[in-house]
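Peer 1: Here the structure of chain V is known, so what remains is to put chain F in place on it, guided by the hints.
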Amino acid sequence: MKWETVIGLEVHTQLATRSKIFSGSSTAFGAAPNTQASAVDIALPGVLPVLNKGAVECAIKFGLAIGATLNRVNVFDRKNYFYPDLPKGYQISQLAKPIVEGGALTILVDGEEITVNLTRAHMEEDAGKSLHEDFHGMTGIDLNRAGTPLLEIVSEPEMRSSAEAVAYARALHTLVTWIGICDGNMQEGSFRVDANVSVRPVGQAEFGTRREIKNLNSFKFLQQAIDYEVRWQIETLEDGGRIEQATVLFDPDTGETRMMRSKEDAHDYRYFPDPDLLPVKLDEEWVEAVRAALPELPAAMQARFQRDYGVSPYDAGVLTGSRALADYFETVAKTCGQGKLAANWVMGELSATLNKAELDIAQSPVPAARLGALITRIQDGTLSGKLAKQVFEGLWEGAGEVDAIIEARGLKQLSDSGELETIIDEVLAANPKSVEEFRSGKEKAFNALVGQVMKASRGKANPAQVNELLKRKLG
Amino acid sequence: MSQALTQDDVKRIARLARIEIDDAQAQATQAQLNAIFDLIATMQAVNTDGIAPMAHAQEVYQRLRDDDVTETDRHAAFQSVAPAVENGLYLVPKVIE
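As they're listed, the protein sequences go chains V and F.
First residue of the first sequence? That's 1 in this note's numbering, and the numbers climb one at a time after it.
First residue of the second sequence? That's 1 in this note's numbering, and the numbers climb one at a time after it.
So here's chain V without its partners, still in its complex pose (with noise of 0.2 Å):
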């Protein structure tokens, strides 16, 4: 039998306010245990939530890059379960009325593109933190997380791989710290991915019995964990085994998804709206003030590359990756005149360079105007390709301008053909065993000619040149 895989994504994202939703204490992460909870936070009786004016305008910022409805009226609502990191008993979120409803992502996947429709996004505390190490057989809490106020976005269950999965999880990524409204870190949880799969026979309208994977903190491990819970779905079924409703967790280690012990009535949360919070109101002025300060978008931003610069869709959606790399990359284009040329510098020598050293675009050594007089260089001859990453080196460690980097090594392509012709009868003279097999017909000796030369010019010689002088003078 052929199956179809259905997923669908609940991103958390942690929003870059500089307090909690509902009350004045940091978000800073790593502080000591607890010194970032507040009354609010731990739930001391008798305390009140007052709603962040920054996690509201995140929200909107999201609502309004995506297309989606922003509610003009919005509600909180409590969500109710116990569990000692959350003191008040109840998570403040938002069910029945949240803030953004609709929009989509257009995702490109093996050269094709793909839109997927987001259900929902609604703002919510995030809980504290339990460490389950040895204290005495006692769990520790940590509530300087509680009440950090997150995003979770919802998607339609329409990704049918976990390449698309992944590609909407990175576009996904890239809006939320192109706009600014997430710092992005995964490692600090700050972009927590949980995936919804399942898999039907291929034809069959229903939806499959779904298998919820929790908390993903990478990419690949977001992978890993659909390729195998799809294999392990498609394998119980074709035993002819059923597939129950459970959440999962995935154990980097063995690459495998297990199933968490769920209690009974754990899902029940009876969610009902918090008498301690009023409607959320959003007026006009305000979103169409927020909507004014929206940057240039990435979707915006891939086709302006593709028509300004000539760069094709696939590199277009490399360089918007991050809003530094775009704006890098755009620097480098104006700079040169070479859309084309810049997107392959960008995206080859240099990204290649500053994987090697782990460095992110924002830290890169060599800055994009330098990438740009680099690039002009080869386009007027002055550098071959080979001699341009001899100067490209030159800029990483900082030796300064282009133009004097190629003065003090000696790096200019040889362009006077006087001195060119002289490297080359020496080559002639030097080789006449390779003048004879070319004269015979074999085109490979040419090549060996070439190399000679390109040798004894110490790499100057502009190959191009070379070739028509040779054939010139073997001719």
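You may find that some hints are simply not true.
Derived DSS-like pairs: lysine-lysine, alpha-carbon spacing no greater than 27 Å straight-line [unchecked claim]:
hint: 1; chain 1: V; residue 1: Lys79; chain 2: F; residue 2: Lys11
hint: 2; chain 1: V; residue 1: Lys444; chain 2: V; residue 2: Lys473
hint: 3; chain 1: V; residue 1: Lys88; chain 2: F; residue 2: Lys11
hint: 4; chain 1: V; residue 1: Lys2; chain 2: F; residue 2: Lys94
No lab work stands behind these hints, which were simulated from the structure alone.
Peer 2: Just chain F now, with coordinates in the frame of chain V:
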């Protein structure tokens, strides 16, 4: 209300709320909760066509606070009344299974 709560419903609700009740209390609670449902049924008989549902009894909206850090570290005071504390953490009975 078409369906009254049963004893099992009441016990389940109590369990979800982590409230321990005996059979006598469950019976008394059952009667009280069903009386509340009767009250709701009376209200539901009112024609509300064309009236938007309200999320709050007052027609006012949430006041928003600027995104500023205003709280200071008071964990020492808070933890002075906690039953068990270590290295700044609140200690609770082990919850992992």
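Peer 1: A separate judgement is required for each hint: does it hold in the structure or not?
Peer 2: Now the hints, each set against the structure:
no.	hint	in the structure
1	V/Lys79 <-> F/Lys11	holds, 20 Å
2	V/Lys444 <-> V/Lys473	holds, 17 Å
3	V/Lys88 <-> F/Lys11	holds, 22 Å
4	V/Lys2 <-> F/Lys94	violated, 46 Å
The earlier numbered hint that this structure contradicts is number 4, and it is the only one.
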